[in-house]
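Trainee: These are the residues of each chain, in order.
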Amino acid sequence: MSREAILAAIKNNQPAYQELPDLSGFSHAGAGDPAAFKKVVESLGGQVFEIASFTEIQPLVAEHYTDLSKVVAIEDAYLPGAATGWQTGDGRQLEQVDLAIIPGQLGVAENGAIWVTEKEMEVRVLPFITQHLALVISKDAILPTMHDAYARIGGPENGFGAFIAGPSKTADIEQSLVLGAHGAKSLTVFIIG
Amino acid sequence: MEHKHQEHAALADTFNANEPRVNWHDETLWWVRQKRDRMAWSLPEWEELREAASRIKHNVLGNLHDYLLEFEKNAVANGAVVHWAADAAEHNKIVLQLLQEQGVKRMVKSKSMLTEECHLNPYLAEHGIEVVDTDLGERIVQLAKEPPSHIVLPCIHKKKEEIGELFHEHLGTPAGNADPKFLTAAARQHLRKEFIQSRVAITGVNFAVAETGEMVVCTNEGNADMGAHLADVHIACMGLEKIIPQRKHLGVFLRLLARSATGQPITTYSSHFRKPKAGQQLHIVLVDNGRSRQLGREDFRNSLKCIRCGACMNTCPVYRRSGGHSYHNAIAGPIGSILAPNLDMKEYADLPFASTLCGSCSNVCPVKIDIHQQLYKWRQVITKEGYTGKTKAAGMHAMNIVLSKPGLYKTAGGVGRWVMRTFPAVVNNGMNPWYKQREMPAPPKDSFADWYKKNRK
Ligand code: SF4
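Chains A and B, in that order, are what the protein sequence lines are. Take the first sequence: its letters are residues 1139 to 1331, numbered as in our numbering. Take the second sequence: its letters are residues 142 to 598, numbered as in our numbering.
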């Protein structure tokens, strides 16, 4: 069987063991800078709003999106009156979703990435299949770098999680940047607190 | 199957026939390289990150056997099925069997250089199964019936007018429309249909974590996620060397990967697949295909540290001016020229010579692979094994004689300078490969040795 042959060849050919490097020098004790975070998200083509309460979300959505017929919100408080019952199915039921509003666990100031797991998104394909995506994170959940993010996330707790940084994009046609390849065409981040 | 062997130099000649295109290709890649530089310079700890990444990968190479077992154990505990493939043929067979079990005739694939390396698409086509590549650049070259010419920018060699033409022919867009925004929107619609209909999705893997049994897939487009989350069966194909020890090490690699690749701070989506979703099957195919052999080659094992960012290609003066297809291998450029001779030394004997050895590749490599030194070492191995072409071997043999005898070197230099001055046509002709793209310089009056003697204080 190939498994045994491969493992034997590797064991035979691998070099001497070398210690792992110490990564502690890359970590930061303090919080991340929300202004820096905002700047990167904008440079990636996203828009950021700092809000004091969830009630500010609805008017901002109304102002910035025209023509939304199906909106999915994970928390009722984000957008009263959003669609319900969308969780049942294999994901294809979300094909017509125009906007999804999902909480993120934390944001990373150095690169604008937001960590979202299946606990928050409920249906795994939701943040990708929706035409537009909005993520909500609290201001004190912004960390300086990826090292700090992994320190906070810790060991595995979910079956799926993703760092999302900006809207879906491609530059495959003569390197011209186009937003909206297969995933969400736009990203809005609401920072609360 | 009839196989016509064509070497890098001949294939580069074809690419070089269109000079404005070569210039455009060169400038585009250099622009990507500059974006990479700006990103690298913006992080004060960049060099420490490279060092850490290189050392983590070194630890992986020295412990690969145990990490693979750890990864397998955790992946199985997460509910995945793990398959082992000794070579490309076995990989393709495993994938085909999984597809036949599902009874599908068509499915979606997100970008994976490993499946290119294994020639999966043509193999499945022979068995009546159509693969739809979903990365936009890969879809474009697929419609053009070409392989990708770059590991990160698969259709970097194509002009937008050619893409417009392809889309007109295959997707029914209006003739003559070459607007990138319009074409991307057309591809989005076309591929959405494929995602929705597909029951099986294949993805590549950027990193596989031994500690957790999870796999990380990085894309900007979101195509891996669209495919994998909608499908009943997710097949993830990965080279053995994609293993990293712990989740926290992702912090190092995710900081380096996109910055080195395209000059972005991170890819739009860095997706961590650990467990299949309810009711879904997750299959992981671990592929060797020469990797365990390369691990045993002390001089070349560092090439297994590669995280496929493409930075070495974007910076390479040869790659930029000869195009990815001239490397006649799934992985082009400097790193491809190290990996390919391990697969077939005779077939790829020309590739380590397709380099100026300027060292730029090694300078940008985020995991600090000694790329240009390995290319230099391959040249020696290949020459010793007798795989170099006859003219190259004769030239090198003559050079070896001349360079190893100082007296002869002096005389030969004098003769050469006299010949060049007196009969310039002897060197300014098509027989001399150096003359092809340039005028030969006027020969200096003195040799360097004479000049040095005269000018030294
Ligand atoms: S060899 Fe280094 S620079 Fe080249 S693709 Fe691999 S990681 Fe990137």
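Treat each hint with caution, since some may be false.
Which bits of chain A does chain B cover? Going by a derived footprint, with three or more residues having C-beta under 8 Å, they are [what the hints assert, rightly or not]:
| id | segment |
| --- | --- |
| 1 | 1142-1155 |
| 2 | 1214-1227 |
| 3 | 1282-1289 |
| 4 | 1300-1312 |
Please keep in mind that the hints were generated in silico from the structure rather than gathered at the bench. For each residue, glycine too, the CB sits at the ideal point set by N, CA and C.
Trainee: Indicate, hint by hint, whether the structure satisfies it.
Mentor: So, going through the hints one by one against the coordinates:
1. With a threshold of 8 Å between beta carbons, the proposed coverage of the segment 1142-1155 of chain A by chain B holds, since 12 of its residues qualify and at least three are required.
2. Judged by the Cβ-Cβ criterion of 8 Å, the segment 1214-1227 of chain A is not covered by chain B as claimed, because only 0 of its residues qualify and three are needed.
3. Check on the segment 1282-1289 of chain A: 6 of its residues sit with their Cβ under 8 Å from a Cβ of chain B, so the three-residue criterion for coverage holds.
4. Counting residues of the segment 1300-1312 of chain A whose C-beta lies closer than 8 Å to any C-beta of chain B gives 13; at least three are required, and the coverage claim holds.
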